[in-house]
Structures are given as structure tokens and as C-alpha cells.
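Top line first, the protein sequences correspond to chains C and B.
Last residue of the first sequence: 112 (my numbering), numbering continuous.
Last residue of the second sequence: 111 (my numbering), numbering continuous.
If you are wondering where the hints come from, they were derived from the structure by calculation, not from laboratory data.
Treat the hints with caution; some may be incorrect.
[What the hints assert, rightly or not] Listed next, the in silico DSBU-like pairs over lysine-lysine satisfying Cα-Cα at most 35 Å (straight line):
id	chain 1	residue 1	chain 2	residue 2
1	C	Lys13	B	Lys103
2	C	Lys100	B	Lys103
3	C	Lys13	C	Lys57
4	B	Lys56	C	Lys1
[To be verified] Anything over 12 Å on all C-beta distances counts as not near chain C; from chain B, calculated:
id	residue
5	Glu15
6	Leu46
7	Ala68
8	Tyr71
9	Lys103
10	Pro111
No residue lacks a Cβ here, since even glycine has one placed at the ideal position from N, Cα and C.
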Amino acid sequence: KAGVTQTPRYLIKTRGQQVTLSCSPISGHRSVSWYQQTPGQGLQFLFEYFSETQRNKGNFPGRFSGRQFSNSRSEMNVSTLELGDSALYLCASSLSSDKKLFFGSGTQLSVL
Amino acid sequence: QKEVEQNSGPLSVPEGAIASLNCTYSDRVSQSFFWYRQYSGKSPELIMSIYSNGDKEDGRFTAQLNKASQYVSLLIRDSQPSDSATYLCAVNRDSGYALNFGKGTSLLVTP
Chain C
1 KAGVTQTPRY LIKTRGQQVT LSCSPISGHR SVSWYQQTPG QGLQFLFEYF
51 SETQRNKGNF PGRFSGRQFS NSRSEMNVST LELGDSALYL CASSLSSDKK
101 LFFGSGTQLS VL
Chain B
1 QKEVEQNSGP LSVPEGAIAS LNCTYSDRVS QSFFWYRQYS GKSPELIMSI
51 YSNGDKEDGR FTAQLNKASQ YVSLLIRDSQ PSDSATYLCA VNRDSGYALN
101 FGKGTSLLVT P
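One chain only, chain C, in its complex shape (with noise of 0.2 Å):
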């Protein structure tokens, strides 16, 4: 069974531009979660999507926006792109009410 597909693995983008991010949950699994991680500030949460409606949203400005496809797929946008935006973002997908998350490879983002 594949795991969480995050792509692209790696981006370098300036001051003032806009990303997106995609991910691929597990097949069936169709919880999907964000999260942004700094070595200063560890692993904080951005947003869950369940049956493509965003469920919990964490302390993000709203320059970060998500959404999800019918196909349990989803995209993470970062609009306006600051120099604190450099980080690792991980795609989690579950499947049930146990709450395991399921972590993808991450997309590393370079603002520069």
C-alpha cells in the first residue's frame, strides 16, 4: 500500500510569491492534516481537511489557505511568501477515530 505522497520534495521561492503544495493521502484515509516544522518552533499544526471540509484550523495567518478533493487529495497554498515561511511541510493522512497520523516525506521550502 503506498504511503503519503507529498510533492514537490524540495522548492526554492522569493519574497512575495505564492506556492502550493499537493499530497496524497493513503489509500482510504480520508483525514488529512498539515503541519509546518522549524527547528525553533518544532511541529505546529496548520489545518485538518475530512471529506473535503477544513475541520480544525490552527494559529496561521491566512495567507496559508488548504483545501481538499473529492478524492481525499489535497493542496496547501502560501500566498505572499516571507522569509519565516522556510520550513519543512508535512502532509499526514488517518484513517480512523484512533488518530494515528501517517506522515508524507515533506516538502522543504527555501523563501528567499
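We have chain C; now place chain B onto it with these hints.
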């Protein structure tokens, strides 16, 4: 802000010893608790989950939960150099699937 606190370490233990990793959380209504292992340059990998008070064992790993003290721990028996990694404690945020993570404890197992 609901917090999950871990000692950043590094925690250094000799090969074959027991490594003890600890975590406290602030939200009393949390019901689900997890330990993830993250190797350098890799994504977090789930190694243990625990939902009720007491101990849960899986191979060399034992998770311990004390909800009254809001405390979760992970014991690694017969530690191996391959266990050297950062261990992340995670607690559910609410009724959904989102988790609050601690910043992790770095474990170094020396041969």
C-alpha cells in the same frame, strides 16, 4: 495555548540501557497520546499510541500514561544505536484528528 512539553535533551544512554523519555501536557480533556520517532532529515514515524491510563508495551517500547498527572512517558529497553533520533510526544487537540506536538527529545545511544 494548549502545550506539550518535553525536555529537548540530548539524552545520552549507553547501548543496552533503558532510555526514558518524558512528556507533560496542559489540556486535561486530551484523550489520545502518541510517540513519534524522527530521524534527521526524515519525517515523523508513529511508534506508539496510548489512550488509557497505565502501560502499553510493544516490543522494546513501553508507553506509560497518567492522566491525573497529565504525564506521558516512553521507555525504550535494550537501546540500540539505531534508536538514536528525536522522539516527539503528541496529544490530540480536540475531537478531530489534529495533534499538538512537543518540540521533541533528542536521544543518542552510544555503542
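Going through the hints against the structure:
1. C:Lys13 - B:Lys103: holds (27 Å)
2. C:Lys100 - B:Lys103: holds (18 Å)
3. C:Lys13 - C:Lys57: holds (25 Å)
4. B:Lys56 - C:Lys1: Distance of about 27 Å is within 35 Å: holds.
5. Glu15: Non-interface label stands for Glu15 of chain B: nearest chain C Cβ at 28 Å, farther than 12 Å.
6. Leu46: violated (6 Å)
7. Ala68: holds (21 Å)
8. Tyr71: Its Cβ never comes within 12 Å of chain C, the nearest being 19 Å, so this holds.
9. Lys103: violated (4 Å)
10. Pro111: About 27 Å separates Pro111 of chain B from the closest Cβ of chain C, which puts it past 12 Å; holds.
The structure does not agree with the numbered hints 6, 9 stated previously, though it agrees with the rest.
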